[in-house]
Amino acid sequence: MPSAVGRGLAGFELRPRKGRCGPQAATAAGPEGVAEVAARSPKQPAGGSRCFEAACRWALLALVTLLSFATRFHRLDQPPHVCWDETHFGKMGSYYINRTFFFDVHPPLGKMLIGLAGYLSGYDGTFMFQKPGDKYEHHSYVGMRGFCAFLGSLLVPLAYLTVLELSRSLPAALLAAALLTFDTGCLTLSQYILLDPILMFFIMAAMLSMVKYNSCAARPFSAPWWFWLSLTGINLAGALGVKFVGLFIILQVGWNTVADLWHLLGDLSLSLVTVGKHLAARTLCLVVLPLALYTAVYAAHFLVLSKSGPGDGFFSSAFQARLSGNSLHNASIPEYLAYGSVITVKNLQMAIGYLHSHRHLYPEGIGARQQQVTTYLHKDYNNLWIVKKHNINSDHLDPSFPVEFVQHGDVIRLEHKETSRNLHSHYHEAPLTQKHYQVTGYGINGTGDSNDFWRIEVINRKHGNRVKVLRSRIRLIHVVTGCVLGSSGKVLPKWGWEQVEVTCNPYLKETLSSVWNVEDHINPRLPNISLDVLQPSFPEVLLESHMVMIRGNSGLKPKDNEFTSKPWHWPVNYQGLRFSGVNDTDFRVYLLGNPVVWWLNLASLALYLLSGSIVAVAVQRGARLPAEVEGLTQVLLRGGGQLLLGWVLHYFPFFLMGRVLYFHHYFPAMLFSSMLTAVLWDTLLRLCAWSLAPAPLAGSIHGLGVLSLLLGTAYSFYLFHPLAYGMVGPLAQDPRSPMAGLRWLESWDF
Amino acid sequence: MLEFLQRPVVVTADVNLSVVALTVVGLLSRLWRLTYPRAVVFDEVYYGQYISLYMKRVFFFDGSGPPLGHMLLALGGYLGGFDGNFVWNRIGAEYSSNVPVRSLRLLPALAGALSVPMAYQIVWELGFSHCAALGAALLMLIENALITQARLMLLESVLIFFNLLAVLSYLKFNSQKHRPFSPSWWLWLTLTGVACSCAVGIKYMGVFTYLLVLGVAAVHTWHLIGDRALSNVRVLCHVLARAVALLVLPVVTYVLFFYVHLTLLYRSGPHDQIMSSAFQASLEGGLARITQGQPLEVAYGSQVTLKSASGRPVPCWLHSHQSTYPIMYDNGRGSSHQQQVTCYPFKDVNNWWIVKDPGRHQLEVSNPPRPVRHRDVVQLVHGMTTRLLNTHDVAAPLSPHAQEVSCYVDYNISMPAQSLWRLDVVNRESDAETWKTILSELSGAHLPDWGFRQLEVVGEKLSRGLHESTVWTVEEHRYGRSQEQKERELELHSPAQTDVSRNLSFLARFSELQWRMLTVRSDDSEHKYSSTPLDWVTLDTSIAYWLHPRTSAQIHLLGNVVIWASAGLATALYALLTCWYLLRRRRNIRDLPEDCWLRWVLAGALCAGGWAANYLPFFLMEKTLFLYHYLPALAFQILLLPVVVQQVGEHLCRSELQRSLFGALVVAWYSAACRVFAVLRPLTYGDTPLSPSELQALRWRDSWDILIRKH
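Residue numbers (full-length UniProt numbering), protein chains in the order written: chain A, 1 to 750; chain B, 1 to 711.
Isolated chain A (complex conformation) (with noise of 0.2 Å):
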C-alpha cells in the first residue's frame, strides 16, 4: 500500500487540465496551478510505472467492490421475517405485480424497480407484508432484498470514485470507501427492501457523474463529456423519482452548472455563441432529460397500476373513472347537474370523503340538537342527496315539468334521501371547530325553514355555468349567514361514529376543504354518458398526483407526546432505529451507524471548517504558499467544498421541515460527510508530513495515519457488526451479550 500512498496524485490518466471549473484546478492559479498539482507528486513516474499505477487503481477498485458486495450479500437472507418498513414497500412491490393502485407519498421509481426486482425474482406478490416481524415462508423475498443490497454495495464504489476525482489521492479515495463499507448503519441500510439505498445510488451516481464531467471540461462536447452530462441528468431523474429528497442533489448539480457558467461567461475568449450552446447543451441534458424521465417514470407507473385498489380515495373522482374495478370505472351518468338529481358530493381536500348524514343527533349540549351532518370515506346510501330548488318542494322528476340544469350561482336546497331533511346551518358554534358554525339536517319531508337555503358557486366555469359531474368544483355558500360549507377535516367523538366533522365556516378562504364536487348523479330523465369523456388527461393526472402526494407528505405531522427523532441527533448518532426484535429471544437488528465512523466524521466536519477558514483567510491575507501546499489547498477547499455542500443540502433543509423525520433521513448527508473525512484527512496527514519534511519518519506520517485510519474503523466494524447482521441473546447490560460493554451511549437500545 505505501507505494500507491505515495504515488496516489501522478497515476491518473486524465490530466490537470487548464483548470477552469475542475473541482480542485487551481484556477485562481491559472497555468501555475497545473504546474504545481503536478509537482506535488514525488517523483515523476515514468511510463511502465504509470502503467503501473492505473492498474493498482483498478485492482484497489475491484477489491473495494467486492469487499463491499461481500458485507451487503452476507447474511442477507436474514431474518426470514418482514422487518420494519419492508412492510410498506414490501408491500408497494405487490401492488405493482398485482397492478392495483395504491397511494404512497414519495414518487413511484423506487417502488416500481423493487416491483421489477421482485416479479424478475420470481416473486409472485402474494404475500401480505401486514406488519413488522410477518415470517416470509414460501415466498422469494431475497430477489427484492437483493437488489437493494446490489445498489447499497455499489455506493462504495461511486464514493471510491469521486473522492479519487476530487482528490486525486488513492488513499484518500481508499479511506472514504472504507469508511462506508465498515459503517454499520449504511450496510444496514443496504439490506432491506427499502428506498433509500435505491436514492442513495442515484444520488452518488449524479455527483459521481458531475464530478466527472467537471473534470471533461477542458474538452467540452467531446463524447466523454456528453456521456457524463446526460448521465448526470438521468441519475438525477432517478434521485427525483425515488424521493422527493433527491431534489437537494438537484440544487447541489443546479448550483455546480451555475457557477460553471458563470465561468464560462467570464471567459472572454469565447463567443457568445459559444457560451449559448454550453447552456442549450446543459439546458438540454439537465432539465430537459430528467423532466422527460420523471415523466416516463409516472407514465409507466399508471400505465402498470390499472386497477382499483387501496389508493382511489386519496384521488378525485374524476381520476377513480380510470381505474377498473372502481365503481366510476366504464360508468355512465348524467353529465349535468339538474334539480330532482340525486347525488353523492366529495370533498376536494385529500382523506375527507362524502357528505353524509344519518339517524342520529347531536348530543345534548352541542350545538342544536338536530341531525349530524358528517363526511365520512366510504361510499354508503346515506351519503345521497337530493338536489331542490329552494323555494318549491315538488317533485322534480314529475315529467310534466321541464327538465331545469342547476346554475352557478343558484340558490337551492339538499334534501337528504334517507331521512328527508335539509342541510341545515346556523347560528351555532359547530362542535369541535368553534369558531365555524354547526352544520345539520333539519325540516321534516323537505319542508324546512329559510336556514335550509344554499347558494352553489362553480369555481371552474370554462365548462358553462352548469354543475359538470366530476368536473366541476363547486362551493355551498350559506344564504342567511354567509358562510361557507367546509370540512375541518377533525374526527368527531364516538357520538358522531368517529366520521369527520363538516361546519360552514365564516370565514371565505379559498381552501380546498371547501370545495366539493358531484360524483354520483342519478337522474332517470336525462340521458347518460359515459365518463370515460370525463377522464383527466395525462398532465393532470401528473399534477394531481403531486398535489396529494405534496399535501400527504405535510400531512405526516408529529403527533403530540410522540417520541422523535430531531434532526440535531443524527450527526451525533444519538439514537438508532430498531429494525426488528425487540427481547432477548428475537433476532434483532439496529439500524445505528458505526459511531466510530461517525464521530470521527463529526469531529471532521468541525475540523473541517476550522483549517478551510485558516486557509481561506491565509489566501485572503496573501499568503505566498509554497507550490505544494497550494496544491493541498485547493483540494481542500475546492473538492473538501463540494462535498461541504453536499452535506449541508443534504442535512440543513430537514430542520425546516415539519413532518415526522426518522434517523435513515440522515444517511445521504452522511455519505457526503464521509467522502468529507477521507478528503480532509488525506490532505492534513499530507500536510503535516510537509510541515515536518527534514524530520525522519516524516515521510511515512501519511502513509502510516491513512493506514491507522483504515485498520480502526474495520476493528471498530468487527465490534459493531453484530448490530448489522443481527443478534440473538440478552441485551446489551448482560455482560453476556455480544455488545457487552459497547453500549456507549444510554439511548441506544440493543
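Keep in mind that the hints are not guaranteed to be accurate.
Quick list of in silico lysine-lysine cross-link-like pairs, BS3-like style, CA-CA up to 30 Å [unchecked claim]:
(1) A:K435 to B:K528
(2) B:K528 to A:K490
(3) B:K623 to A:K435
(4) A:K389 to A:K379
Partner residues aside, some chain B positions facing chain A, computed with beta carbon under 8 Å [as the list claims (entries may be wrong)]:
(5) R228
(6) K528
(7) L583
(8) N588
(9) L620
(10) E622
(11) K623
With the Cβ distance kept under 7 Å, some of the chain B side facing chain A (calculated, not the full set) [unchecked claim]:
(12) I225
(13) G226
(14) R586
It should be emphasised that the hints constitute simulated quantities derived from the structure, not laboratory data.
Just so it is clear, CB atoms sit at the ideal spot from N, CA and C, and this is done for glycine as well.
Chain A is fixed; fit chain B onto it per the hints.
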C-alpha cells in the same frame, strides 16, 4: 491635553433643514389627534393587557415575542401615570379616564414619525441624490398603512424604527472607514449592535434585519481582511471590534431586556402554571408561599407531591384515589382492577406520596434524614390509602401500547407487586446528587419509566430516550413525622410548614423563560382578517381595526395602492437591471462607472435585501399571518423605490428630452400617490364618517372588507 486652554471651544453644527422639515411633517402626520379614537383599537386589546400587568408587576407569559416591545409600551403607561386598572377584553371598548391614551400611543407614533427623516438619511448615506433621499422620506410620509400602524399602541412602527436605525448606523459607521477607531466610528458601530438587539427584542422577526446587517458587515470585513496594506494586528483589531459590537453586545443587551423584564415582574400571576415549579417558587405570592421553608433534600419518609414537568395538556400532579379500574373496558379489554392512578390538575390531599425505602418498613423520616440519591431504588406510598405505586404488564386504559400504573391492591392472585422504582435525577451534576425539592427533575424508571397521556398515567415499556412528559418534579415536600396512619392523614391535611426561601439564578430563569417562549405551541387560530404572504404584495387584503360605535367612521389597515404597486415594480426592475449589469460586466462591458456600480449594489443589498429578508421567511411560517407582518418589508421596499427611479433617470434615459419626460412622469406619479393618500385618509385616521356610497366607492378590491352599516 490642555488644548482647550489655548484655543476657544467652538461648537459648529450643520443643520440640514430638510431633515428638520421632514421631522416636523412626520410628527404632524403621526401625532395629529393621537387620542382619537378613545377606544380600544384592534391589537391594543392584546398589548394592553400586558401593559396592565406591567403596571401591577404581575408575571405573565407571552410566547409571541421578547419583552422589550411590551416594556416600551408599558414605559409610556408608566410615564402617563397609568395604574393598570382597565379591562382589556373587547375591541371598541371605550377607555376609562384613568387610561393615559396619549402617552400610551406616543412612543409608537414617535418611532413612526422619526422613520421619515431616517429614510432620508439612509438614502443620502447610500450615496444617492438629495432629491432621491427626499423622495424616500416623502413616500414614507404618505404611506397610509405605516401611519395607521404608528398611531396606535402597536409594535410594528417601533420595529421598523429600530430596523432602519440599525441600517442607518451601519452606513454611518461604514462611511467612517477612513477614520477607524475614532469616537464616531465606535459610536455608530455600537449603535448598530444596540439597534439590532432592540429590533430582535421587540419581535423575533427583527432577527432577519440583524442577519442582513451581519451579512453585509461580514462581506465588508472580508474585503478588509484582503486589504494587504493593513498589518495583521490591525486587521485582528478590526475583526475583534466588529465581533464585540455586532455579536457580543447584542446578546448582552438582549439578555438585559429579560433581566429588566424579570425584575419588574416579581409577583405571581395568571400564567405561572406554564413555568416550572422552581420558577414559580421565585415569584412572590405564588408557589413561593407554599414552598417557603420546605426541606430541600428529599429523604426516605418524605411526603411529596409530584408534578409532571411537561405541563401538557395541563399541568397536573400524580394522584390516586380509592376507586379501582373497571374490570372490563368498553372495548372488551380487561384491566387489573386495581386502584386508579391518574394525573390530577388540582391540588388535592390525594396528591401526596411518601418516599419509602423498600428495605424498611418505617414511613417517617429518620433522624438525621437519609437523603434519596440518583439511581436509588424506592417505593412510593400513596399517603391517604397507603398503597404502593405499581406497574405491571397490563395494558393501560387508553393507550394499550403502554403499561397500566396502579396502586397495588393485594387480591391474593397471581399478580405480584412490581412496585420498585429507580430514581433518575435528570438534571444531576454528579452521580451522588441528592434529590432536591423543586430543583431536581427526575424520571422514575421502574424497569420501565413512565409517561402520561390525557391525564392517564401509563408506564412506558422502554425508556426511549427522555421525554418531557416522563419527567416529574417534587413540588410540595415535608418530612413525615408520624408512623400511625390516622396521624398521618391528619398531617397530610395540614398545610406544609415553611420558612426558608430559595432563589433560582437569573440566568436559569432567563433560559427557562426563553426556552418556553420559543417552544410553546400556540394553536392555529383562524382569524377573519388573516392572510397569506402572497396577498400582501398585491394588497389583496385589509384589516378592519375599529368602527365608530354610532357613525360609519372606521380605521382600516390599508396601504397606499400607488406606493405598493410601484414599490413592487421597482423591486422587480432592480432585480432585472442587476442581472443585466452582472451579465454584461462578466463580458467586460461596464455600463456603470465603478463607484456608481458599488453604490447600486450596496443599496440593493440593504434595501432589496431588507425587503426579501423581512418578507420571504413568512412563506415557511405556519402561524396565522396578517397584513401588518409585511410592513417592515414594505419600509425597505420604499427605500429602494427612489434609488431605482434615480438610476433609471440618470442611466437609462439617454437624451435630455427623455430625462425631462421621465421627470414629469415621476412628478405625476408622486401626485397620484398623494391623491390616493388623501382619498384613503378617512380610513387611516378614522375621523371622518363616510356615507355608504362613499365607502362602497372606496372598496377598490372585492377582498377589502370595508364595513358598511345597514340602516
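Here is how each hint holds up against the structure:
1. A:K435 to B:K528: holds, 10 Å
2. B:K528 to A:K490: holds, 20 Å
3. B:K623 to A:K435: holds, 17 Å
4. A:K389 to A:K379: holds, 26 Å
5. R228: holds, 5 Å
6. K528: holds, 5 Å
7. L583: holds, 7 Å
8. N588: holds, 6 Å
9. L620: holds, 6 Å
10. E622: holds, 7 Å
11. K623: Where the cut-off is 8 Å and the nearest Cβ of chain A is about 12 Å from B:K623, the hint is violated.
12. I225: holds, 5 Å
13. G226: holds, 5 Å
14. R586: Holds: closest Cβ of chain A sits about 5 Å from B:R586, inside 7 Å.
Hint check: a violation occurs at hint 11 only; the rest are consistent with the structure.
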